[in-house]
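Q: Top to bottom, those sequences are chains F and X. Counting from 47, one number per residue, gives the positions in the first sequence under our numbering. Counting from 47, one number per residue, gives the positions in the second sequence under our numbering.
It should be emphasised that the hints constitute simulated quantities derived from the structure, not laboratory data. You may find that some hints are simply not true.
Per the computed footprint, the stretches of chain X lying under chain F, defined by three or more beta-carbons under 8 Å from a beta-carbon of chain F, are [claimed, not checked]:
no.: 1; stretch: 52-59
no.: 2; stretch: 86-93
no.: 3; stretch: 198-204
no.: 4; stretch: 292-302
To spell it out: a stretch of chain X is covered by chain F in this simulated footprint if at least three of its residues, at any positions, have a beta carbon under 8 Å from a beta carbon of chain F; those stretches are [said to hold, decoys possible]:
no.: 5; stretch: 96-103
no.: 6; stretch: 230-238
no.: 7; stretch: 395-402
If you want a taste of the chain X side facing chain F, the calculated C-beta under 10 Å gives, among others [claimed, not checked]:
no.: 8; residue: Asp162
no.: 9; residue: Gln163
no.: 10; residue: Arg213
no.: 11; residue: Ala214
no.: 12; residue: Cys316
no.: 13; residue: Val329
no.: 14; residue: Val331
Model, not experiment: these values are computed from the prediction. Ideal Cβ placement from N, Cα and C applies to all residues, glycine included.
Number of protein chains: 2
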Amino acid sequence: MPTPRLSDRARRMPASPIRRLAPYAVAARAAGKTVHSLNIGQPDIPTPKEVLDRLRTYPGANVPYGPSQGLPEFLEALRTYYGRLGLALAPEELFVTTGGSEAILFVVAALCDPGDQILVFEPFYANYAGFSSLVGVEAVGITTRAEDGYHLPARAVIEKAIGPRTRAILVCSPNNPTGTVYTDEEMELLADLCATHDLWLCSDEAYREFTYDGLTHHSALLLSGIRDRVVVVDSLSKRASLCGARIGNVVCRNPELMSAILKMGQARLCPPTLGQWAATAYVDVPSSYIEGVIAQYTRRRDVVWHALRETPGVTVHRPEGAFYVCARLPVDDAERFAIWLLSDFDLDGETVIFSPAEGFYVTPGLGRDEARIAYVLESARMARCMEIVTSALRVYPGRTVPAGT
Amino acid sequence: MPTPRLSDRARRMPASPIRRLAPYAVAARAAGKTVHSLNIGQPDIPTPKEVLDRLRTYPGANVPYGPSQGLPEFLEALRTYYGRLGLALAPEELFVTTGGSEAILFVVAALCDPGDQILVFEPFYANYAGFSSLVGVEAVGITTRAEDGYHLPARAVIEKAIGPRTRAILVCSPNNPTGTVYTDEEMELLADLCATHDLWLCSDEAYREFTYDGLTHHSALLLSGIRDRVVVVDSLSKRASLCGARIGNVVCRNPELMSAILKMGQARLCPPTLGQWAATAYVDVPSSYIEGVIAQYTRRRDVVWHALRETPGVTVHRPEGAFYVCARLPVDDAERFAIWLLSDFDLDGETVIFSPAEGFYVTPGLGRDEARIAYVLESARMARCMEIVTSALRVYPGRTVPAGT
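With the sequences and hints as input, model every part of the structure.
A: Here it is, written out as structure tokens:
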């Protein structure tokens, strides 16, 4: 009897570079090591008290389905949130999703048929490729470089990548994994390209608040001239430290796209009721909460950036936002180095797990010696983590640049 | 400038027959009517106290991502649950999903490429077609009939539907929407067909406990001879009244399928942490809870079935399980009747919303005069709902059989 066959889709589906080394971390912990997790954007920041208090006083006798679009009171809370950003939204311009993840899946599926293409700036959040692959869509990478601070290449370079199957440009700012905050001029360039070439602009703004050094990020929803072709994917995961609640949303002023997303959303019934219930209190959180968080991330960013900059053989660009840094390491292969850190190295019983960056590129060969480090632990622990990484680099057998140079 | 285009996929995506009439119910409520919801499988049953207590004492300082496969303590709770059913499962044979919905999506995507087919017995849970459509897969319907109690047709009829692109048979027992509980012989027939024709058997067992009149349902995991080609999709939504927690799972003993699902699961990071946290207490719930629930549903089933059976012109089969009944109504079009109930009818200010059944069929023309009624309200309210439906049928302008016959 034949072995039952899986789909080609399943075989081609990329394993997440963020998650696939997790088994090595499990083994390292089982072997008694302390493993600091720098691989996942999981902050140690407390969730606002208002949100956890609301969760703990959940009054329902059961946990019912909500509307597919989201709980009315949570949609109102989102309208208040966007209103404070200067965005007056009608309720039908919002759709609550199961994390930003589902928002990306629905948007890619609603815009692209199998064989269609979506432009991304590499290195990019690897799961864009995962969701695209799930629905048969090709993520086409336009390379950005550490030397340019991972800012956009010239207009002509982007235009060269636009073909007959291109349906959208997907942009993330503040950027995961590079930490780059695109300028208003860059966002306007993308808007103009979308208008000229009949493309959608998908803007992942999950890190909207996380900008440093006085920089700010303006939502793509504020761009003029392409109102009906902008779709924002968003998430409360980071700004309210609610990653596991799985609450994200889509914002779009194109009613056809919103009806398509509603049909997809009806098939999966509703986003999580408990997370929405709790997150409704986010509008009651004083602004001092997020200001404190930003101050904390600025310190962490500085610790990590200074440590990496001073490590021989490392190339790094100072992140302007989000809480990730991409670094080129003096190693043969960043994934091999990451596994070696977990399996063969420790500094007084401690080691780290980070994400090898190759999976954040689609262009073959790029990113092999790069790492994405999430600075999601408090400054003193981040300093210790950097000590571990730099000590490890000194003795790693696959080092490519002699130590001490 | 052209209007931005959506994907053909988005245009073809079916609207949910369960959810798409919701706006009419909103309007009816706004007009002051009481609308009893019989359209959605949302029970009024309380969630077990143990589960809500655990939710309300959530101890975390934040709500972090969990592992993509599920929280270890919740996976252990699932192993205990299945162990009590006589199923000894290894942790790697389980995968926690965002509701049964995501379990279906992942399984269909892992087994089928665009253009592949999956066999379903119609009427079937409409969202199977929604998820299939999302990933380019065709749901092929094999018709079952009220006259046969919606049990399976002869082997030859099923075999005739199996073609070169058929990848799996998807079966739901106890059945949504018919309430049919397939016999052991029927499940063995399906197992034999899958083994003979190199197909997967996907078994949706979300209603496992909901059987009446002394019937029981055996999990497809207990079928012999096709151990590596059975995949169960499951959910805590109904058995713990946790619909909105969005906690489901996949069970499969084929490691290749489980790795494919892990890759998809890693892309969406993790299932909801809060729901898993609370649902871990489900194993502490005494069996008297589910016994009480079953007794209550038996009474509701009887109320609905007797009322419908005695209504002139209605054809109905007594449900053996789950909490739905399919009924043929003496109307021109069940969707038109459903909308009329909301827009143009009330009995002393009350009306009902049900799901027109046409969307539970893929064969064109079938189900147009059928309704799915979810008996999810307590017996006295269900009796009142039946009074509303039978009164409405007497005066509905699109009635096809003269009233009183």
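Q: Are the hints correct? Go through all of them and say.
A: Status of the hints after comparison with the structure:
| no. | hint | verdict |
| --- | --- | --- |
| 1 | 52-59 | holds (count 7) |
| 2 | 86-93 | holds (count 7) |
| 3 | 198-204 | violated (count 0) |
| 4 | 292-302 | holds (count 3) |
| 5 | 96-103 | holds (count 4) |
| 6 | 230-238 | violated (count 0) |
| 7 | 395-402 | violated (count 0) |
| 8 | Asp162 | holds, 7 Å |
| 9 | Gln163 | violated, 12 Å |
| 10 | Arg213 | holds, 8 Å |
| 11 | Ala214 | holds, 9 Å |
| 12 | Cys316 | holds, 6 Å |
| 13 | Val329 | violated, 17 Å |
| 14 | Val331 | violated, 13 Å |
Of the numbered hints stated above, those contradicted by the structure are hints 3, 6, 7, 9, 13, 14, listed in ascending order.
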